[in-house]
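Engineer: The chain contents come next:
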Amino acid sequence: MKYLDEFRDQTLAAPLLDELRRSVTRPFRIMEVCGTHTMAIFRNGLRSLLPEGLELISGPGCPVCVTSASHIDAILSMAEQPKVRIALFGDLFRVPGSNGLSLAHASSQGAKVDIVYSPMDSLELAKRHPDELIIFLGVGFETTTPGIAATIMAAQNNNVDNFAVFSTHKVMPPPLMALLNDPELQIDGLLCPGHVSTIIGAGAYQPLVEEYGLACVVGGFEPADILQALIMLARQVGQGEARVENAYTRAVRWEGNARAQQMVSKIFEPVDTEWRGLGTIPLSGLAIRDSYAQFDAEKRLDIKLIPAEEPRGCRCGEILKGKQRPPQCPLFGTRCTPGNPVGPCMVSSEGTCAAFYKYGG
Amino acid sequence: MRVVEIQGSPDDFLSGQIAVVDADGIRKETRLDVVDRWPDIGDYLIIHAGFAIHTLEAKEAEINLRLMRELAENVAALENADGRS
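Chains as they are written, first to last, in our numbering: chain A, 73 to 433; chain B, 4 to 88.
Just to be clear, a hint being listed does not mean it is correct.
[Claimed, not checked] Mimicking DSSO-like on lysine-lysine, the simulated pairs with C-alpha atoms at most 30 Å apart in a straight line are:
1. A:K184 with B:K31
2. A:K184 with A:K376
3. A:K199 with B:K31
4. A:K338 with B:K31
Note that these hints are calculated values from the structure, not bench results.
All chains should be built: construct the whole structure from the sequences, respecting the hints.
Structural biologist: Here is the structure:
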């Protein structure tokens, strides 16, 4: 495919890998923030090719993985209600709540659950099922939120009154700051997410440079993109520098996508929210503004979040903080597999445990 | 994915702002509500969950590729100078 194959070309990647080997002049650790990067690095076999001294650790950038058990429990309680139909992106379907049950179980017991490609599909469901309330599960970071904001706008413009969103949306910079405040986490730089940065802009990472002296490079998702970003990180670390650089210039600008940012600000407002493994982080979530309350499932169904225990033995929390690797979890590959997942990091196609299980550590 | 058709206009919020995109002969519709720049036919779109989030011209992808090739060529030149294959 034009402008995809070029960035996957081995004749481009091989010399970049050589340059990366040259650029690593001392041991250093990079956190790849985004779950899509985690999977791309595994899928393309990059991990096994990386030079000695460069250690990659996975961060909290898989939206399904960081959705707390209490949010999953709330979703399951909505699915049990009569005349409610849940619409969602597929990854969340098999994530267990605190009682070990998931939407997959609920669906098998008669709950109405539809997996959709786009939040706009929920409006089609609303037309097709006028006697039901369609609840779209809003799970995602800055890349996903603009489309959901646009869907709420479309629902209002078209007078769709049997549609609402359960918002567990999250934003990326606050958890990164929370992680960086943890003295146990020693990292030298961040491989910053590609498409989150398309929306928020490369400039969003400047505070991380200024406050934490961290090298930050935005990278795309093809092998050449990732290698280029790692070269830039290695050079910064080797030279003792810290700045924001953009290796994904075809998709990311310094200021981001202003139109999407405005759409999100119109519909959502920042709130404190709970992250699996990280706890509650101030202003790291997005709630639907009161002026759009009719589209807020939490208000419409009076949903209360009840504190919930994470599954016993599950180390997703430590893995999301980059403190442990999946094979260190006692459940990994035994009680917890992609076929029978205990924690969300094994369920999601972007989860670190799923990547380790599929491709090996 | 490459834009082959556009329906609606940048200020048409009610009837939908849609681009038809083509990827290896497969065509599908994508929403333009939150795209950063209104595309022209022949531009490429980055799409997430049914919504275009970024329009890029072919030349932007070419610039990105050129920078990478320059990095790669520098390495090849250095290796040749070192007498390595």
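Engineer: Please list, smallest to largest, the hint numbers that this structure does not respect.
Structural biologist: No hint contradicted; all consistent.
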